[in-house]
Amino acid sequence: TVGEGIYIILSGEAVVLSEGEEQQAIAHIMEGEFFGEVSCFFGSLCTATVMTVAKAKLLFLRKDMLATVLQLRLDPGNKEEQLKWFVARRYLPTTDLVQKDLLEFQIIVECLKTVPLFSVWPDEALESVALNMAEPMIIVYPPGACILRKGDPADPLLVLLRGRVMIMENEKNVQEVKSRRLAFTFGEEGLFTGSEKMLTVKAVTCCQVIQLRRHLLFKVVRQVNHPFNGLDIIRLL
1 TVGEGIYIIL SGEAVVLSEG EEQQAIAHIM EGEFFGEVSC FFGSLCTATV MTVAKAKLLF
61 LRKDMLATVL QLRLDPGNKE EQLKWFVARR YLPTTDLVQK DLLEFQIIVE CLKTVPLFSV
121 WPDEALESVA LNMAEPMIIV YPPGACILRK GDPADPLLVL LRGRVMIMEN EKNVQEVKSR
181 RLAFTFGEEG LFTGSEKMLT VKAVTCCQVI QLRRHLLFKV VRQVNHPFNG LDIIRLL
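Just so we're aligned, residue 1 is where the sequence shown starts under full-length UniProt numbering, counting upward by one.
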C-alpha cells in the first residue's frame with residue numbers, strides 16, 4: 001500500500017525488516033526518529049516492514065499535514081531525489097525502488113566524508129575506495145553480535161555507518177557509541193601501527209558497518225595525485 005503519513009517514535013524503538021521469507025532486522029529506529037516517509041513523499045508502495053520492539057508510543061502525522069510541518073517539496077517521480085533521500089537517511093535497499101549498488105556506493109562515500117581521517121580526502125579518492133571494496137560492501141550485524149574483539153588483527157579498519165555499539169575492555173562496558181549523522185571508526189590505531197585491536201566492540205542495535213582494508217587505502221593513496229592533505233598521513237607510513 002501507499003503510505004498516508006509518517007510515524008514518529010515518541011518512546012521505545014522499532015526495527016526495519018528485510019524482504020524475503022526469512023525476514024531479518026537490518027536497522028533500528030530509535031526514539032525521536034521517524035519512518036514511512038518514503039512511501040508518503042514519493043507515492044511509492046511501502047518499501048520496508050517496520051515492527052516495534054516491546055512497547056512503543058508513536059505519533060502519526062497525516063500526509064496533508066507534512067508539507068506545513070516539514071516544509072518539504074519533493075517530486076514523487078524524481079528518481080534522483082529518491083536516491084538522495086535514501087543516501088541521506090542511510091536506508092539500505094529493501095525493494096527495487098533504488099539501485100542497490102549505486103545506493104550503497106553513495107552511502108559509503110557520503111559517510112566517509114564525515115570521518116575525520118577521510119574528511120579532507122578528495123571525492124576522487126573516496127569514490128575509488130568505495131568502488132574497490134569487496135562484497136558485501138555494507139555488513140549488517142544483529143544486536144549482541146561481536147563486531148571486533150580485542151586481539152583481532154590490525155586489518156581492517158571498521159566504520160560504523162548506522163547503529164549503536166558498546167565498547168568493552170576486559171569484559172567491562174566502557175562507552176556506548178551511536179552513529180546517526182556522523183560515521184564512527186574502530187581500530188584506526190592498527191592502520192598506523194599495525195598493532196592488534198585494543199578493544200572489543202559489540203552491537204547494541206542492528207549495526208551497518210564497512211571494512212576498509214589497509215592495502216586498498218594504500219592503493220588509493222598511490223593512485224590519487226592531490227596536494228598535501230590527509231592522504232599524506234597514510235602516505236608517510
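Keep in mind that the hints were calculated from the coordinates and are not lab data. Don't be surprised by glycine CBs; every beta carbon is placed ideally from N, CA and C. Hints may be right or wrong, so weigh each one.
Restraint-style ranges between C-beta atoms, simulated for each label pair [as the list claims (entries may be wrong)]: (1) Leu-45 <-> His-215: 40 to 50 Å; (2) Asn-132 <-> Gly-20: 41 to 51 Å; (3) Thr-185 <-> Ser-11: 23 to 33 Å; (4) Glu-176 <-> Leu-10: 17 to 27 Å; (5) Thr-52 <-> Lys-178: 11 to 21 Å; (6) Gly-77 <-> Lys-150: 48 to 58 Å; (7) Lys-150 <-> Cys-46: 39 to 49 Å; (8) Gly-20 <-> Gln-223: 15 to 25 Å; (9) Arg-222 <-> Gly-20: 19 to 29 Å; (10) Thr-1 <-> Glu-21: 18 to 28 Å; (11) Thr-52 <-> Lys-150: 31 to 41 Å; (12) Ser-11 <-> Phe-192: 14 to 24 Å; (13) Ala-88 <-> Glu-13: 32 to 42 Å; (14) Gly-77 <-> Ala-145: 31 to 41 Å.
Only pairs whose alpha carbons sit at most 27 Å apart, straight line, appear in this in silico DSS-like list of lysine-lysine [claimed, not checked]: (15) Lys-100 <-> Lys-84; (16) Lys-178 <-> Lys-84; (17) Lys-172 <-> Lys-113; (18) Lys-55 <-> Lys-84; (19) Lys-100 <-> Lys-79; (20) Lys-172 <-> Lys-150.
For each hint, the structure was consulted:
For the pair Leu-45 and His-215, the beta carbons lie near 42 Å from each other, so the given range of 40 to 50 Å is met. Checked against the hint of 41 to 51 Å, the pair Asn-132 and Gly-20 fails, with Cβ atoms roughly 29 Å apart. Between Thr-185 and Ser-11 the beta carbons are some 31 Å apart, a value that agrees with the proposed interval 23 to 33 Å. Distance hint check: the CB atoms of Glu-176 and Leu-10 are about 22 Å apart, consistent with the given range 17 to 27 Å.
At about 19 Å, the beta-carbon gap between Thr-52 and Lys-178 stays in the expected band of 11 to 21 Å. For the pair Gly-77 and Lys-150, the beta carbons lie near 51 Å from each other, so the given range of 48 to 58 Å is met. About 42 Å separates the C-beta atoms of Lys-150 and Cys-46, a value consistent with the hinted range of 39 to 49 Å. In this structure, Gly-20 and Gln-223 break the distance hint of 15 to 25 Å, their C-beta atoms being roughly 38 Å apart.
Distance hint check: the CB atoms of Arg-222 and Gly-20 are about 41 Å apart, inconsistent with the given range 19 to 29 Å. Checked against the hint of 18 to 28 Å, the C-beta distance between Thr-1 and Glu-21 comes to roughly 21 Å, which is consistent with it. Hint check: Thr-52 to Lys-150, Cβ distance near 34 Å, so the stated range 31 to 41 Å holds. For Ser-11 and Phe-192, the hinted distance range of 14 to 24 Å is not satisfied, since their beta carbons lie about 42 Å from each other.
Between Ala-88 and Glu-13 the beta carbons are some 21 Å apart, a value that contradicts the proposed interval 32 to 42 Å. At about 39 Å, the beta-carbon gap between Gly-77 and Ala-145 stays in the expected band of 31 to 41 Å. Restraint check for Lys-100 and Lys-84: the C-alpha separation of about 13 Å stays at or below 27 Å, so the hint holds. Proximity of Lys-178 to Lys-84 is assessed by CA-CA distance (about 22 Å); at most 27 Å being required, the pair is judged to hold.
Note on Lys-172 and Lys-113: the hinted pairing is violated, with a Cα-Cα distance of about 32 Å set against a maximum of 27 Å. Between Lys-55 and Lys-84 the alpha-carbon distance is near 32 Å, which puts this suggested pair outside the 27 Å criterion. For the hint linking Lys-100 to Lys-79, the alpha-carbon distance of about 13 Å falls within 27 Å, and the restraint holds. Using a Cα cut-off of 27 Å, the hinted pair Lys-172 and Lys-150 holds, with the two alpha carbons roughly 12 Å apart.
When held up to the earlier numbered hints, the structure conflicts with 2, 8, 9, 12, 13, 17 and 18 and fits the remainder.
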